[in-house]
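We have chain D already, so just place chain C on it with the hints.
Residue numbers (our numbering), protein chains in the order written: chain D, 1 to 210; chain C, 1 to 210.
No lab work stands behind these hints, which were simulated from the structure alone.
Label pairs and their calculated CB-CB ranges:
(1) Ala156(C) / Gln50(D): 31 to 39 Å
(2) Ala27(D) / Ala156(C): 17 to 25 Å
(3) Thr29(C) / Leu126(D): 40 to 48 Å
(4) Ala143(C) / Thr44(D): 40 to 48 Å
(5) Ile121(C) / Pro130(D): 24 to 32 Å
(6) Gly185(C) / Pro154(D): 39 to 47 Å
(7) Ser7(C) / Ala143(D): 45 to 53 Å
(8) Ala120(C) / Gly62(D): 57 to 65 Å
(9) Gly83(D) / Ile121(C): 36 to 44 Å
(10) Asn81(C) / Gly62(D): 47 to 55 Å
Some chain D residues well away from chain C (every beta-carbon gap over 10 Å; in silico):
(11) Gln47
(12) Gln50
(13) Val129
This structure is a prediction, so every number in the text was calculated from the model and none was measured.
All C-beta atoms in this analysis are idealised placements derived from N, C-alpha and C, irrespective of residue type, glycine included.
2 protein chains.
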Amino acid sequence: MRKEKVSSAVIRRLPRYYRHLSDLHLAGTERISSSALGKSMGLTASQIRQDLSCFGEFGQQGYGYNVDKLRGEISDILGMNRGHTAIILGAGNLGRALLENFHFERSGFQLTAAFDVDSAIVGRTLSGVPVYHARDLEEYLRAHPTGMGVLTVPRAAADATAGRLVRGGVKGIWNFTNIELSVAGSGVVVEDVHFADSLLSLSYMISEAL
Amino acid sequence: MRKEKVSSAVIRRLPRYYRHLSDLHLAGTERISSSALGKSMGLTASQIRQDLSCFGEFGQQGYGYNVDKLRGEISDILGMNRGHTAIILGAGNLGRALLENFHFERSGFQLTAAFDVDSAIVGRTLSGVPVYHARDLEEYLRAHPTGMGVLTVPRAAADATAGRLVRGGVKGIWNFTNIELSVAGSGVVVEDVHFADSLLSLSYMISEAL
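If we strip away everything but chain D, and leave its shape as in the complex, we get (with noise of 0.2 Å):
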């Protein structure tokens, strides 16, 4: 149980929390100080400490954290348990990408369903999940209300497309396209993959070790 409202910033560190603490819990540690934690993290104890202290019962001297307990706390607070429901728009290389090898499940999205326009495609299955024909996303969407769409269709599809999920109802947007996306005041949320963001910190790095 949560004991205070917690930060964005600290939000924003969950994930990693979780990835690390299911790394742990599969390589069978029971329990785990802040300080060994933070270590495998890059993090201080104190650091950890402050971001899981509204966490404060799986936390005790001498003890550290139950990792399992922990594990579930954040998934609790992360959603992963809510049943989240997501299709793809665009099964071009990327979209395929994600539908073949990305565990949606593991984050707590089921897969449903995938759009595209390419007929080659439209009709198949791919890996369990059915691909339509983008013009009868209106008609699934009455049918399937579904919690996120995964935006990885070319740039120039990227707006319209965003706007047809957001009539649709959808709660969120993943969004691969490189565009900022226009849903301002729609109440839909739109967490934005930057892959050049992280490639410019590796330029930077590369460049600091020349």
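Showing chain C alone in chain D's frame:
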């Protein structure tokens, strides 16, 4: 010119500044105040001023920042003009999505080759980039010293391929495999792309909105 060493937290934000300044530059904006830049980035004017204090000569009381100059300075610091070269390891869906759709050159990287084991693709040229057999990686790196490897191989091949890149002299690895690579002590920097972290943040935001 830099006035002082740039902190690592600022470095992680520099790509976002670069992206926003590029958008402003494309839109024809010549100068911008710290409060306007902050507003477009969801930061306060004082955070902006603090972050960019090491670029003081471009920010002046009553003038703001010269968009193009600040963008150029950030580009230099990020190492975008160093002529980095890159190769892609694994030309499956994700590798091909990057190869065909991602503009490496806009981040200062020249993509020179891709490697795979699939005979259906080895020997072809995709978006101007030759695809070689993975067994020829060492020979290629000897003849063409390369700055960075994009790791999009299957998980089972991740660590072995990373080791070959390290021994082949790359300076950095852009890691899409979701494996924590064992390159400690090699001096090679690794930038991990964790799709699940991004999705879990979205899951949190969707769940809070419900």
